[in-house]
Each structure stands twice: as structure tokens, then as C-alpha cells.
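Student: Given the sequences, and given the hints that come with them, work out the whole structure.
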Amino acid sequence: MIRFENLSVKFSHTDAEYTAVDRVNLTINKGEFFGIVGASGAGKSTLVRTVNLLQKPTSGNVYINGENIVNYSGQKLRNLRLNIGMIFQHFNLISNATVYDNIAFALKASSTPVKEIQKRVPELLELVGLADKAELFPPSLSGGQKQRVAIARALANNPQILLCDEATSALDPDNTKEVIQTLRNIKNHYPITILFITHQMEVAKSLFDRIAVMEKGRLVEVAPSYTLFATPQSEAAKALISSDYKKAVPKKVLEQEKDLYMITYKEEGAFDPVISDVSRKFLNTDLSIIEGNIEYVQDKPIGRLLISLRTRDEKEKESVISYLHRKTFISRLDAE
Amino acid sequence: MIRFENLSVKFSHTDAEYTAVDRVNLTINKGEFFGIVGASGAGKSTLVRTVNLLQKPTSGNVYINGENIVNYSGQKLRNLRLNIGMIFQHFNLISNATVYDNIAFALKASSTPVKEIQKRVPELLELVGLADKAELFPPSLSGGQKQRVAIARALANNPQILLCDEATSALDPDNTKEVIQTLRNIKNHYPITILFITHQMEVAKSLFDRIAVMEKGRLVEVAPSYTLFATPQSEAAKALISSDYKKAVPKKVLEQEKDLYMITYKEEGAFDPVISDVSRKFLNTDLSIIEGNIEYVQDKPIGRLLISLRTRDEKEKESVISYLHRKTFISRLDAE
Amino acid sequence: NDEGSKSAKADTVPEHIKVGVVPGPYKDLLKNHLTKVVESRGHKLDFVEFSDWVQPDSALDAGEIDANLFQHSIYLKAIVENQGLKLDEVINVPTLGLFAFSEKVKSLDELRDGALVALPNDAVNLSRALRFARDAGIITLKADKDDLKASIADIDKNPKHLNFVPMEAAQLPRSLDSTDLALVPGNYAYEAKLPFDKALAKEKVSEPIKLVVTVQSDRVNTVGAFLKDAVASREFTSSVNADPTYRDFAKPEWWPAN
Amino acid sequence: MSSQLLESTINILQNEFLKSIYETALMIGISFSLSLIFGLALGFVLYLTSGKTFFEKTISLNKTVSAFINIIRSIPFIILVVFSLPLTFILVGTKIGPIAASVPLSIAAIVFFARLVESALKEVDAGVIEAAIATGASHSLIIRNVLLVEAAPAIVRGITITFINLIGCSAMAGMVGGGGIGNLAIQYGYYRYETGVMIFTIVVLVVIVQLAQLTGDRIAKLLTH
Amino acid sequence: MSSQLLESTINILQNEFLKSIYETALMIGISFSLSLIFGLALGFVLYLTSGKTFFEKTISLNKTVSAFINIIRSIPFIILVVFSLPLTFILVGTKIGPIAASVPLSIAAIVFFARLVESALKEVDAGVIEAAIATGASHSLIIRNVLLVEAAPAIVRGITITFINLIGCSAMAGMVGGGGIGNLAIQYGYYRYETGVMIFTIVVLVVIVQLAQLTGDRIAKLLTH
Ligand SMILES: Nc1ncnc2c1ncn2[C@@H]1O[C@H](COP(=O)(O)OP(=O)(O)OP(=O)(O)O)[C@@H](O)[C@H]1O
Ligand SMILES: Nc1ncnc2c1ncn2[C@@H]1O[C@H](COP(=O)(O)OP(=O)(O)OP(=O)(O)O)[C@@H](O)[C@H]1O
Ligand SMILES: [Mg+2]
Ligand SMILES: [Mg+2]
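Chains as they are written, first to last, in my numbering: chain E, 1 to 336; chain D, 1 to 336; chain W, 1 to 258; chain L, 1 to 225; chain H, 1 to 225.
Hints in this document: simulated from the structure, not taken from any laboratory. The beta carbon of each residue, even a glycine, is placed where N, CA and C say it ideally should be. Among the hints, erroneous ones may be present.
Said to hold, decoys possible - Between beta-carbon pairs, the in silico distance windows are:
{"hint": "1", "chain 1": "L", "residue 1": "Leu61", "chain 2": "D", "residue 2": "Pro139", "range": "22 to 30 Å"}
{"hint": "2", "chain 1": "L", "residue 1": "Thr53", "chain 2": "E", "residue 2": "Tyr18", "range": "36 to 44 Å"}
{"hint": "3", "chain 1": "H", "residue 1": "Ile219", "chain 2": "L", "residue 2": "Phe68", "range": "17 to 25 Å"}
{"hint": "4", "chain 1": "D", "residue 1": "Asp277", "chain 2": "E", "residue 2": "Gln256", "range": "14 to 22 Å"}
{"hint": "5", "chain 1": "L", "residue 1": "Gly29", "chain 2": "W", "residue 2": "Lys106", "range": "35 to 43 Å"}
Tutor: Laid out in C-alpha cells, this is it:
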């Protein structure tokens, strides 16, 4: 559906040249929820902006439905854009137009009949929970409200492709969930393809089919969400995903517990009562969960637990560990 | 240190009146990291903006260090503001001034000698990881980079009070952690008071001493972070905090497991090997962790696990549950 | 169409005669003294005011007005030559000359070396002022090539090294405190109520520089004759003579003595 | 003011004032409306052809229009009046009177306002325009619903400035027999030392200008959010 | 053009051109510099006193200044010249010549530019100003480092417009013996039918205006980020 081929974007300053996107190759399938994550300044926004040619690539190609669009212009480009909704990192609302008119604008862009606009705008406002703010102007809106207007505008034309640049960054968890639910519903209705930049890993987990990790303009990792969260490969992905337990768990606790192990459940064994089993098999070793997180990514559980082995029998410990080895990934945490 | 007394802010539109902040009473202590959370449009930004009088309250008072500031003006107000750093939800950088000059501006505001400005700006840039972007102009920065400039500007004058309006919303988790670490370090050096609005519960957990929850202009809950996350009282707080497990756990799993219980560790019992104990005491019942999260808020663990009781002896189940009752908060999850 | 309307008009004297004027004493002259005469003969005068010296002629040539009164003979001749306009004068009227005024000196001889002399900057009055200065003996001009076009550059001898500054004529009376001498066209001096008897010198208003009533060449015998007749009438001249306003105006040669 | 002077003032005003007001209204009415329409259009042309955001390869068109505007703006108004006489005759069939005077006034006001419009459009936030472009909207929709709306306050301030400038310029309409209040002030106040008439007409002008300014400011404020 | 006419043109230009250039340079130099300084200041006064962001209770000051500016802008330039004569005399000791002409030119340019500055400042993003205010910066720092910087491109465009307007107005300096190129065009070209001189001077004016526009556009672009 969308294919980046050796895509680079460079910016030049005075004499220096800065490569914001560096030879990216990537294919995004029709109907996919595709996430892009990466550190601030990694080039995510720049990459996504090439899809509707707001950013002309310096080199390389972008194929949409098999057609290379980098040289599109005029009516052809406009038709392309009519099918692509975009939510901007900075909202970019028309400040002297009401909320209603901001959304109506997108509908006018696609030559929607007035009657239908009058029907559709209230629907969209309802969708983002701003039915009572239709007549306000953007400067009177809160941050999250602005973002929701931007979301409504992007969805107005039932686009085939939706580009979201941190579309939920200004929203509280509740609203975020609603937006995600909305996007899911839309996806259930027709095969919209979504490219979604986010820093919110919660969002990434619950939304994406696959995720690309960017670092300094490069694509360093592309994987299904589950794989990425379960077994991140690149340093960049690890940095983004693993909440830093060493900092999260208080020093006092880390010092107190001598034998700390990090276990990560393998997908197959996720529903086995591992801790129950171990406790019964090895009576002299208590397993206490110190910190951890077990959740579902793409309907599959991902578990990561920091456990303390409190053993009264050093030899048994070995056996516990090797037993756990069979059921999970396990690694000793160096107290350091 | 900061005290809101019966504070209200109303906006009027044509004829309607909108109450954005509704009779808020709140005291924030010196040196406290104070969080404000709440749904989009709840009035968080409006409340915080009264602290440096960017927003004049409609009624009520704001005391800073015991002095009511709502009628401050002129030099007195400026002096107050010199001691208050603010990070805006929309960054608000001077677009025609370089990153360097944007930060230098705050230092000039406090009449810092030129020599010192030349020393301090690079330090601040280093602090937010933008040393190489000093000569760029804001429109060439990525979203996160802009936010980091705004952070550096707010910190420039070592303010006594720091107001952060979603100061890390555009940052990736890694950068967010760094900023939080930076704020913590600052706090270790001198008793800065921080008022921080955020939607990122991760940030809330790791940063705040106390948290206020706002809903429709009202303060509906104020509690130490631990208490709030462990035992949220208001609906608003619950909505923000509890990740919605019913949605997170796939339907298939929920249907498959008949006996699902949610257990929440009590602070005292958090380090006990509860699951180990139960497994050994009740040999006919396996405990499998389906979903959950154990983490540290204010250096104290908060645990919440969704467990499945797979029993081969219905009578034993009762005993398991009452055993768990002694050690934890436990409630049955209705399959529904 | 243009031609057609012209010839149509050429036959008759219109009921409303449109006269182009520049506001000032000459408009008043017509308005206060000629209107009655014209009305008594069954016609009306409509004034079209202009504020410059080019448009009234081109409007007349285009047939947009029926006559005008603002220029003297020499100017008219030059215009006719330069622009190929088909205009003719029919009669001249009492006219104010130029006056030399000063707040600094009592006579022209007292002018210091390098004194500032202000003159009108429009071509008509400028050349006139230069000739006036020549006649007053403070400069000489180069062998007269074209009376109407004498400009500062045509000054030949300037023994006192006078510094000539051309400027808006109406500005001359207002700037007397900034100049040593100002050569002020009479109508502007008149409007500024400068005392004519305090003038250091007075232009001799020769016949060709008296203002003339002008019409299109092909209407000399209709509108032209009508206006000439009205102006030359006893009613008009005695009415003007009775008005003290026109005491200092140089009367045309044909003007009756009383 | 002595009663005699007062009488003269009243006399002149009775004869001339209504006519002058009418002439001014006519001249300003025509040239102001034309400058709004064509100045706006020309300002948009300048803006839309200036970069790569809207049209590509139009830099040469932009330079041509810009140079054309600059040429007109270079010509002193009095000479512009002369230069435009042939055009005036073709357009309105006469070279004199308030309607004829409206032609050079319109030309001057159009190019002047065009520059103000261009300047106003250049202040519109690039992000907002980009968002509009991203919807696939046609240029005409973007012009009407984004550029015009966002630049509206600045354009209204430009309209105020243009109107006031026109009032000033229209004083020179006397050149071609256009008359008008400004000319009344000049002819009677300046050339004929009728101070009473001058003061009165200037007061009228001040009132008109002040009203224009207040109206403009109010509208600009209403349009700013 | 016949060789005789050409000779006459060359002759006139030899005599007058350098002097005219000098006079124009003098008049524009003085009035342009003054309008930049005072127009900018007045524009800031208008802006800063207009709302509650900077000064409170200054609405009456704002209205006074605004009315004052409107009064000046209401007065036809030719009458402004007369009105300002006493002031001119006090300031420069003479009522004639290019320096004297600079006084009314400056007055007109100052109030004109002040309005453009006001308009430019009103376009500055409210959030950016708010952020600056929140730092506790003094008004003067905010003016220099925020308002001036953010409004710079629009102000530069305003400077270009003012400069070009001044070139146009300076043609009227001939009124008080100010001379200048515009006056040369009017006196020789208009009144004396020296078409050669007129065309030449207009070409010179067009070049000056075009250069001013290009320079202004370039600077405005450099200042926009
Ligand atoms: N100037 C204004 N005029 C009218 N209503 C306003 C104005 N400013 C804010 N509001 C309204 O006040 C309410 C609170 O806004 P505020 O910006 O404080 O919300 P918030 O809690 O910060 O939300 P968010 O998390 O989305 O930023 C919103 O409903 C908003 O529409
Ligand atoms: N117009 C420009 N000129 C110069 N550099 C630019 C320009 N636009 C972007 N950049 C640089 O390109 C890099 C990538 O920017 P981009 O906006 O794509 O980052 P991002 O991944 O979206 O970051 P964030 O998460 O912070 O929004 C940044 O370092 C930025 O400074
Ligand atoms: Mg980005
Ligand atoms: Mg907010």
C-alpha cells in the first residue's frame, strides 16, 4: 500500500547539511495499523510527511498503491491528498474559524454537498466529544480539545490513509482510549491504513500491528508489535520499551534482595501457572514478585517480572533457575 | 507555599458563561512535586496559569509564600514571575530567534550579566541534549526538540516555582525520563516547588509527591501519589489511573478463565511471596497471573494482579480466597 | 463621435456654458460680474474648477468644457504649438502682474550677495518671474530663445550670485520669512492679502500676458463671440470698475477708462 | 473669527460643501471598491506566485507583477494622473470630473492595497496552510477559507490604511476637475486663505478618517480569535 | 525622439539631475530615518497601550495617540505642508528648500509607518508574548527581543512600503522649493512637455523603487524563520 524506497530527506543550513531521514526502505500494508516510534528528532515526522508530499524527499521514492508519488503535482496530488487524512503534531487549526468550520473545511475540500456537511460535522464532533464546543474558536480550546478537533478534521473524509503525528499526546488516558477505540472501529468498517507516530507506549501496544523504530534518520527495527515489545532487538527499541526498572525499584529494595532475576514469559507458556508450579516443586525457595508487568499486545500476553528468589537451600536454587529456564527467558540482575 | 483559596475562573462567550475553574481550594507545600491530572478541558491549564497571573482569577485568591498575588502588577508582578519558570503546553518559542536566543531571553529577563549568559546557555542546552541545535530556529526543530528548548528556558533562572503544562508530552520515554531525572536533580539541589500537569501516568507515578485530580473545573481528589494510585477514590481518578483491563485482556482469555480475581497488594504485604505461599498451602488450586502490574510509587510498591484460580476442589477455593483476603485486597471479576 | 459632438456644438451657444477656471480672482471676476450679464442674455455659466494649468486646455480641446479663463496669450500659443490643440483666444481681461515682496530689504539694491530669491515653480510663472527679474535689472537672461521656457538655466549674468529657488506659487507669500525676496504672481499675493503698495517692484503687464478667454478654434464664432461680447459689454466693465477688488489689476488695452 | 469671515465661510460652504461631499463620495466609492477587489486579487497573485507552496515555476510571473506594481508606485501621483488620461477616456469617456479622477485614484489604491494584502498573507502561519493543503483542498478553497480568514484582521487593517490614503490622495483630484472635500480645503484653505472653510473641511475629513479607523479596528478585532 | 529634443533633454538633465538626486537623497534620507525611529516608537505606543497585556488603564492614551495620528492622516499633504510651516521654521530655521520639505514629509511618513508597525505587532502570536511575560522580563526586553524580532519581517515590509510612499510624496516637495527627482518629472515632464526628461526621471524612480522593494523583500525573507 505505502512503500518507501531508499528514501532520504536532507535539510541544508547555511553550509551544513542535515540528514533527517536516511535511506529508509519500508512497506506498509493495506489496512495495517503501523506505528513509528523513536527518540525526539529521529525523523519520524519528516518521514511521515513525505507520504502526502508535504515534504519532498531529497532522494528515493514513495509508492502508494504501487504508484510512485514523489513527482505528483496539481490535481493529481490533490486527489491523492483527499484520500489521506493527517493529524499534525501542532494541530494547525484555523484560528479565526470556529471548531465547526475547521472540520467543515476538510469536507468542503472533497466537495461534499452542503447538506451532508451539515450532517457530518455534528457527527464528527460527537465522535470526539466536542459537540458543545462547535461555535468556539481554537484559541479558547484546551490543548486536548484542539487535538480532538484536529482528529475530527483528519477523519472527516473517511480517508484511506491516516497519518497521525502524536495524535493523542495532549489527551488524557481516558480520551486517548476513546480515540484509539474510534480508530479501531473505523478499521472494522473499512480497511483504513494508519501511520501513527507516538511516544506513548501504551498507545503503541494497544493500537499497532507493526512498529518501526527510527533513530537518527535510520530505520533500525521493524517488527510486529508483539515481537518488538517482547523481544526488542535494537538499542533504540530497548531504550523506548523497557521501563527502567533499576530506577523504578527503590535502591533499598534492590540492596535488600540478594537474588534478583528478570523473567520474561514465552508466548506459549504465558498461561501456565509458572509460579505455582515452582513453589510446589521447590519447597525451600520462595518466589516473590518485586516488580513487573503483564499485559496484552495484539491479544497475546507479554510478561516481564522481576522476582526475588529467597532460598533456604543454595543447591535447590540452581534447579529452580533451570526449571524456569525451560518455561521462560530468565536472566540474573546484577545488583551493581 | 502556593495556596489557592476558593479560586474560580470564568470565561464569557457572547452571552453564555463557562466556568473553567470552579472554587478550588488547595495548598501546595514548598519543595513539593505536585501533579495535576484530569480529563481534557478539565481546567488544569487555566488553574496553573493563575499562579503567575497569566490568567486573572474571576474570584478567589492565590497566595504565594503567604502573600495574595491576585492584585499584583507592575514591577512587583515581574519580580514574582522572575522566580516562576513556566513550560507551556504549546511551547511558545520566539520563532525568529535561535534556540540560543530563546533561552538567553529568560536570562536577560533576570538581568543576568552577558558573561554568565554565555556560560549558562550552553549548560542548559547540554542539559536538554540540544547542544548541536543552538543556532537553529524553532521552525526547524522537531516537536520534542521544541519542547526541550521550552524546558531549558523555564529552568534558566533557577526558579523557585516551576509550572509545567504537559512538559513532556512531545518527548519519547527516554527523553521524558531524562527530563524527570533533571527535575529530580534540581530538587535535590534546592527546594524548587513544581506544579506539573500531565496526562502521562508514568510521569505522574515517578515524579509527584501529591496529585490533584480535576474534573469540570472542580478539584475532586487530592492525595499523595501512592494513595491515589493504590486507592483512587473519585470516578475521575479511577478513570485516569486504572488501565482498563477488561479491554486490555483479550475476550478469548476472559471467557476461557472462569474464576478471575483482581488482587491488590497491601503496602505491608507487598514483598511477601504470596503466590508461593498459596500454592504450597492449597495444593489443589493453581494460581495463574493473567495480567497485572507491580511498580513503585514514591518508593513504595503498588501491585495489582488479575489472577485465575484453577481449582480441582471447589471447597478449597473458598479457603484460598479467604487466605488471600488476609494478605491482599481481593475482588471477583464478573465475566459479564 | 467626438467630432460629431463638436460640430453639433459648433453651431450654437449652449444654454449652460461650461467655463474651466482655476479658483481665484479670475473665477470671481467671471462669477461676480459676468454671470449676471450672461444670464441677462438667456444663458448660464457653469464653472468647472481645475487645480493645475494643463488640464483646463486639454479638457477644452476635448470639448468637455466650452471655454476657459486661466492663461495668458503667450502660454496659450505655446500650448497650441506644443500640443497641437485647436484653441483660440477671444478676448483678454484685467490681470494682476507679478510683485516683488521682501521682509528683509526695502529695495532691490539692498539685496545681499547670494541672497535667496523665491520664484513660482510652474513653467508659466517661472519664466515670467525671470523676465520680471531681468526687467528689474537684477539678472540678465540668455538670448531669448523662447519666452515661455526661460528657466533658471537660462540666466546669463547674475552679478549678486542670487540663489533662485522655484516653489509652489501659493507658498511664496507664506515663506517670506525664509527668503530675501519673493517674486509673487499677483493672484497669489492678492489671496494672501499682501499689500501691493509695499511691493519692491511691480511687473509691467504687457498685453500678451493678460489672461484670455479661450474657446475651441471652430467655436470662435459661436461661444467665442458670445463670451467676447459679454465681456466687452458695458455692463461687465462698469460692474468690474465699481468693485475695489480689481483696482490693482492691469486693465486690457480695450478696457474703457471708467 | 469676525462675523464677516464667518459669513464668507458659510457662504462658500453652502455653495460648495454638498457638491464636494458628493464628489468625494463618488471618487472614494469607485476607487475604494475597485481597490478592494483588484488590490485583493493582485495581492493574492503576488502571494500565491511567490513561493513553491501553491504554484511552482511562477517566480517569473511574480517578478513581472511585482515590477509592474513598483513601476506604478514609482510614478508621482500627479504624473500618474496624466499617464492614465488615455485609459481614463477609454474607460469613462471623459477626462474630467470626479469619475475621471477615480481612474488614477483606483490605480494608485489598487497597487498600494495589493502590497498590504501581500504583507498580510505572508504573516499567516505556515502550519495552518500546510494542514489545509494536506486535506487536498483546491487552491480556491484554501484562499477563501484559510488565507482570507486567517489574514482577515491584517487585511482589514490594510483596508483602513488604504481608505485613509485614498482620502488623502483624493485631495489631488482637483487636477482633473474632480473636486471633493480635500480639494475644497486646498482651493479655499490653501489658495484663498479661507481659514474657516479649511478648518471646517479638515474637521469633516478628520471625522471621516476617525470613523473609518474605528470601524476598521472594530472589525479587525471581531475577526481576531 | 528627434535629436533636438534629445539635446534639450540632455541639457536639462545635465543642469538639474545631480542636484535633484541630491535633493531627493536629502529629503528621503531625513524623513525616512525620522519615520523609522518615530514611526516605530509611535507604532509601539499604539500597540502597547491598546490592550491589557502590557499596560492597564492606557486606553485613553491609546485613543488620544490614535486620534492624533488620524488627524494628521486626514489632512491632505499639501495642507499638511502649510500647517507644518511654523514647526518647520522652528525646527530648521527656514520654510523653503529640501530640508524644510523634510518636515512635513517626516510627519506624514511617521504616522503612516506607525500604523503599519501597529498592524505588524498585532500579528505577533499571543502565546509567544505570554511566554515572554511569564519570564518576568521587563517591557523593554520584551519589546526588543520578542515583539521586534517576531514582527521584524512584517515591519520590514512596512518599511519598504513607507519608503516607496515617501518617494511618491517627495515629488510634492517642489511646493516648498524642495526640488528632487519627482519634482523634476513634474516640472519638466508635466508642465513643460519635456517627455525625455520625464521618462528619464521616471525610469530613475522606478529603479530606486524596484531596488528598495527587492532589498526589503530579501531582508524580510532573511528575518522569517
Ligand atoms: N479564553 C477562553 N474562552 C473560553 N473558554 C475557554 C478559554 N480558555 C479555556 N476555555 C475553556 O475552559 C476549559 C478548560 O480549559 P483548560 O485549557 O484549562 O483545560 P485543560 O484541563 O488544560 O485541558 P487539556 O488537558 O486539554 O489541555 C475548556 O473547556 C476550554 O474550552
Ligand atoms: N526545516 C528543517 N530544517 C532543518 N532541520 C530540520 C528541519 N525540519 C526538521 N529538521 C531536523 O530534522 C530532524 C528530524 O525532525 P523530525 O521533526 O522529523 O523529528 P521527529 O522524529 O518527528 O521528532 P519529535 O518526536 O521530537 O517530533 C530534527 O533534528 C530537526 O532538527
Ligand atoms: Mg515530530
Ligand atoms: Mg491544558
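Student: Look at each hint and say if it fits the structure.
Tutor: Structure-based check of all given hints:
{"no.": "1", "hint": "Leu61(L) / Pro139(D): 22 to 30 Å", "result": "holds (27 Å)"}
{"no.": "2", "hint": "Thr53(L) / Tyr18(E): 36 to 44 Å", "result": "violated (22 Å)"}
{"no.": "3", "hint": "Ile219(H) / Phe68(L): 17 to 25 Å", "result": "holds (22 Å)"}
{"no.": "4", "hint": "Asp277(D) / Gln256(E): 14 to 22 Å", "result": "holds (19 Å)"}
{"no.": "5", "hint": "Gly29(L) / Lys106(W): 35 to 43 Å", "result": "violated (54 Å)"}
Against the hints set out earlier in the document, violations occur for numbers 2 and 5.
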